[in-house]
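J.: Residue numbers (my numbering), protein chains in the order written: chain A, 1 to 112; chain B, 1001 to 1109.
Note that these hints are calculated values from the structure, not bench results. There are no misleading hints in this set.
Facing chain A, a subset of chain B residues (Cβ under 8 Å, in silico):
(1) Gly1042
(2) Leu1043
(3) Leu1045
(4) Tyr1048
(5) Phe1090
(6) Tyr1096
(7) Gly1097
(8) Tyr1098
(9) Thr1099
(10) Phe1100
(11) Gly1101
(12) Ser1102
(13) Gly1103
So these bits of chain A aren't anywhere near chain B, every CB distance computed over 12 Å:
(14) Ile18
(15) Asn55
(16) Thr62
(17) Ser69
(18) Ser73
(19) Phe75
(20) Asp83
(21) Lys111
Label-pair ranges, simulated between beta-carbon atoms:
(22) Lys56(A) x Gly1016(B): 44 to 52 Å
(23) Met1019(B) x Gly54(A): 39 to 47 Å
(24) Lys42(A) x Ser1084(B): 23 to 31 Å
Using N, Cα and C, we set each Cβ at its ideal position, and we do this for glycine too.
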Amino acid sequence: QKEVEQDPGPLSVPEGAIVSLNCTYSNSAFQYFMWYRQYSRKGPELLMYTYSSGNKEDGRFTAQVDKSSKYISLFIRDSQPSDSATYLCAMSPNTNAGKSTFGDGTTLTVKP
Amino acid sequence: NAGVTQTPKFRVLKTGQSMTLLCAQDMNHEYMYWYRQDPGMGLRLIHYSVGEGTTAKGEVPDGYNVSRLKKQNFLLGLESAAPSQTSVYFCAAGSYGYTFGSGTRLTVV
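Construct the entire structure; sequences and hints are all you get.
T.: What follows is the structure in structure tokens.
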């Protein structure tokens, strides 16, 4: 079983919808939780970065971490066609050179 | 600021040939990483470095070598390319949230 599980989708929503992307994990040592966005044929781009539990908001994006359930989420409000991409979750322990473990990614399409 | 720059962007190799992929960062990060990304398999760590002169193996190191002679550069070498090494290679720098390069698309025929 993988340390980080992510539903690969694909996920297709109409423009303006609220999108929920999720990951579960098994390693209780993870303390840092990241979300990356990857457009087709591009490198991943860091979207959100959270330490330990709680919520973090940045514009239309909200990241949630529930360490008791080992579950993290990324919400996108008022989704736009430009949000169409693959979203990767990633997690790191406090040590181990910050080496991240990545989910396989969820592909999102926002239709106009 | 360029962030993380990878060269080349594309390359076709014949089986058995060698090549070196170059990663350069201008952010003064200690940690640098090489990943490969294949359809259905996500990002897999090949090798990483926690500082100048240091390297360590990741999840899939076989067939690859790395060097970090200068803090800003991290080189990935393929000594004898195999078709199984056809992939997209990404370099990254940072401690927890990484900055990635734009990738190198390598095809081994």
